[in-house]
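Peer 1: The primary structure of each chain is shown beneath.
2 protein chains.
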Amino acid sequence: MEASKKPVLYSYFRSSCSWRVRIALALKEIAYDQAPVNLVKDGGQQRSSEFQSVNPMQQVPALKIDGITLSQSLAIMEYLEETRPNPRILPQDPKKRAEVRMISDLIASGIQPLQNLAVLQQMGEKKLEWAQHCISRGFKALEQILQETAGRYCVGDEVSMADLCLAPQVYNAERYKVDLAPYPTIIRINKALLELKEFQTSHPSQQPDTPPELRA
Amino acid sequence: MEASKKPVLYSYFRSSCSWRVRIALALKEIAYDQAPVNLVKDGGQQRSSEFQSVNPMQQVPALKIDGITLSQSLAIMEYLEETRPNPRILPQDPKKRAEVRMISDLIASGIQPLQNLAVLQQMGEKKLEWAQHCISRGFKALEQILQETAGRYCVGDEVSMADLCLAPQVYNAERYKVDLAPYPTIIRINKALLELKEFQTSHPSQQPDTPPELRA
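Those sequence lines, one after another, are chains U and W.
As numbered in UniProt numbering, residues 1 to 216 make up the first sequence, in order.
As numbered in UniProt numbering, residues 1 to 216 make up the second sequence, in order.
Just so you know, not all the hints are guaranteed correct.
Identical copies carry no separate label here, and so any pair may be met within one copy or between two of them.
Unchecked claim - Quick list of in silico lysine to any residue cross-link-like pairs, SDA-like style, CA-CA up to 20 Å:
#1 K177 / R188
#2 K127 / L117
#3 K5 / I30
#4 K95 / E82
#5 K96 / E81
#6 K95 / P85
#7 K96 / P7
#8 K95 / E81
#9 K95 / V8
#10 K197 / P87
#11 K95 / D66
#12 K127 / L180
#13 K96 / E82
#14 K140 / E174
#15 K140 / S48
#16 K127 / Y171
#17 K5 / T69
#18 K6 / T69
#19 K96 / T69
#20 K96 / P85
#21 K95 / V54
#22 K140 / S49
#23 K64 / D93
#24 K64 / E148
#25 K6 / P94
No lab work stands behind these hints, which were simulated from the structure alone.
With the hints as extra help, turn the sequences into a complete structure.
Peer 2: Rendered as structure tokens:
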């Protein structure tokens, strides 16, 4: 049992899934060390045998915490919520919790995996078009859902796991030059989120492994 | 508020994500009506304006329950767990819960979305090869993780949400003729799961919309 040690986050500055967890750690004020894993250098450091023992899926993020090693960003966030509940990132009402998880899963299963590096590499020349298609399709649905659920943030006026998924996905949308004009609710919420210091300090432009030319 | 009405599950017999929820409903002995949504007929009934108001993502499953409409299978299962906790599909120990969610997310975000219909249609001639690649890659990681976590089932000896994701993904693997020999733990657990009546009655071969020629 190594519960007394500081958690270690295996992360890549530009990975949207890593950013989700960095926001959760910031909101909950959990001190941690970062172990950068460069997804492009050396053919992808996530493929090293060393990292494969951390996460057999060869993906970031992964978190060593309380003597266990977790992967999958939503599972990590749920664990943090259950063991470090303050401030909460899931509402107390079961129906609101369900809405938060529905939005989180829509992004984590319905958008992000379709526009990640491995799929895009298969798409060749259609790469950008495909990424834009997947993100737009998801955002169209999300905009419709958020018009029902949103207050200042994705579900009501409290920052939740859904917001921790939204901002990083908007960041990806901007990278792939998706036209965001049709999604005014998404734009508005994202703007409100980026005003929070926890979203700023965890931002891809501010990480230990951010290349100097991409620092904000 | 229509909490007193029987829940309605929008489902497609062969959708692995629908099957996950059918198992959860069966385990928790929740009576429900099925509203079949044929993903291939008429260019895909999920694209109808009627269904789009149920789930803007135009995907199954969706569940009308307690006066709300939920989509995303894991969010639905978490809601069922919080509102109908017996029998539980998440362990009590936070670390075990995290393992269950990690395995569930590995399948729901790391495998299934990459081999679903929309992506495969983009792959043209490489369709089968791509599906096999994605599933094999995920199963290789999963096998390694299960060797640490599994008892009779994915995490210890209790059926959990991870198992509700595993059996449907193995079903997909078999559809796409993935060689399962390298994954003895997955094979063993899947076999144990298919012995349970809740996995049998919810099986794709047993649904109201299963075509006669595919009935077991």
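Peer 1: Against each hint, give a clear statement of whether it holds in the structure.
Peer 2: Now for the hints, and whether the structure bears them out:
1. Proximity of K177 to R188 under the C-alpha cut-off of 20 Å is restricted to the intra-copy arrangement: shortest distance 18 Å within a copy versus 46 Å between copies.
2. Proximity of K127 and L117 under a CA criterion of 20 Å is satisfied in both settings, with 10 Å inside one chain copy and 18 Å between copies.
3. For a Cα distance limit of 20 Å, the shortest separation of K5 from I30 inside one copy, 12 Å, qualifies, whereas the shortest one across copies, 44 Å, does not.
4. Within a single copy, K95 and E82 get their C-alpha atoms as close as 18 Å, and across copies as close as 10 Å, so both meet the 20 Å cut-off.
5. For a Cα distance limit of 20 Å, the shortest separation of K96 from E81 qualifies both inside one copy, at 15 Å, and across copies, at 14 Å.
6. Taking the closest pair of Cα atoms, K95 and P85 come within 20 Å of each other both inside a single copy (18 Å) and across two copies (15 Å).
7. Only between protomers do K96 and P7 lie at most 20 Å apart by alpha-carbon distance; the minimum there is 18 Å, versus 30 Å within a single protomer.
8. In this assembly of identical chains, the alpha carbons of K95 and E81 lie at most 20 Å apart whether taken from the same copy (17 Å) or from different copies (12 Å).
9. Taking CA atoms no more than 20 Å apart as the test, K95 paired with V8 passes between copies only; the shortest distance there is 17 Å, against 33 Å inside one copy.
10. Within a single copy, K197 and P87 get their C-alpha atoms as close as 15 Å, which meets the 20 Å cut-off; across copies the closest is 41 Å, which misses it.
11. Taking CA atoms no more than 20 Å apart as the test, K95 paired with D66 passes between copies only; the shortest distance there is 9 Å, against 30 Å inside one copy.
12. For a Cα distance limit of 20 Å, the shortest separation of K127 from L180 inside one copy, 19 Å, qualifies, whereas the shortest one across copies, 31 Å, does not.
13. In this assembly of identical chains, K96 and E82 lie within 20 Å of each other by CA distance both inside one copy and across copies; the values are 17 Å within and 12 Å between.
14. In the homo-oligomer, the alpha carbons of K140 and E174 lie at most 20 Å apart inside one protomer (15 Å), although the nearest pairing across protomers, at 33 Å, exceeds that limit.
15. For the identical chains of this complex, K140 and S48 are inter-copy neighbours only, at 15 Å across copies versus 38 Å inside a copy, given an alpha-carbon limit of 20 Å.
16. Taking the shortest Cα distances, K127 and Y171 sit within 20 Å of each other inside one copy (17 Å), while across copies they are farther apart (30 Å).
17. Taking CA atoms no more than 20 Å apart as the test, K5 paired with T69 passes inside one copy only; the shortest distance there is 13 Å, against 43 Å between copies.
18. Taking CA atoms no more than 20 Å apart as the test, K6 paired with T69 passes inside one copy only; the shortest distance there is 13 Å, against 41 Å between copies.
19. For the homomeric pair K96 and T69, the shortest alpha-carbon distance between copies (12 Å) is at most 20 Å, but the shortest distance inside one copy (29 Å) is not.
20. Proximity of K96 to P85 under the C-alpha cut-off of 20 Å is found in both arrangements, the shortest distances being 16 Å within a copy and 17 Å between copies.
21. With identical chains, the CA atoms of K95 and V54 are at most 20 Å apart between copies only, with a shortest distance of 16 Å across copies and 35 Å within one.
22. Proximity of K140 and S49 under a CA criterion of 20 Å is satisfied inter-copy only: 14 Å between copies versus 40 Å inside one chain copy.
23. In this assembly of identical chains, the alpha carbons of K64 and D93 lie at most 20 Å apart only when taken from different copies (17 Å versus 30 Å within one copy).
24. In this homomeric assembly, K64 and E148 come within 20 Å of each other (Cα to Cα) only across copies, at 16 Å, whereas the closest approach inside a single copy is 37 Å.
25. Taking the shortest alpha-carbon separations for K6 and P94, only the inter-copy value of 19 Å comes in at or below 20 Å, while the best intra-copy value is 32 Å.
In summary, the structure agrees with every hint in the numbered list given earlier.
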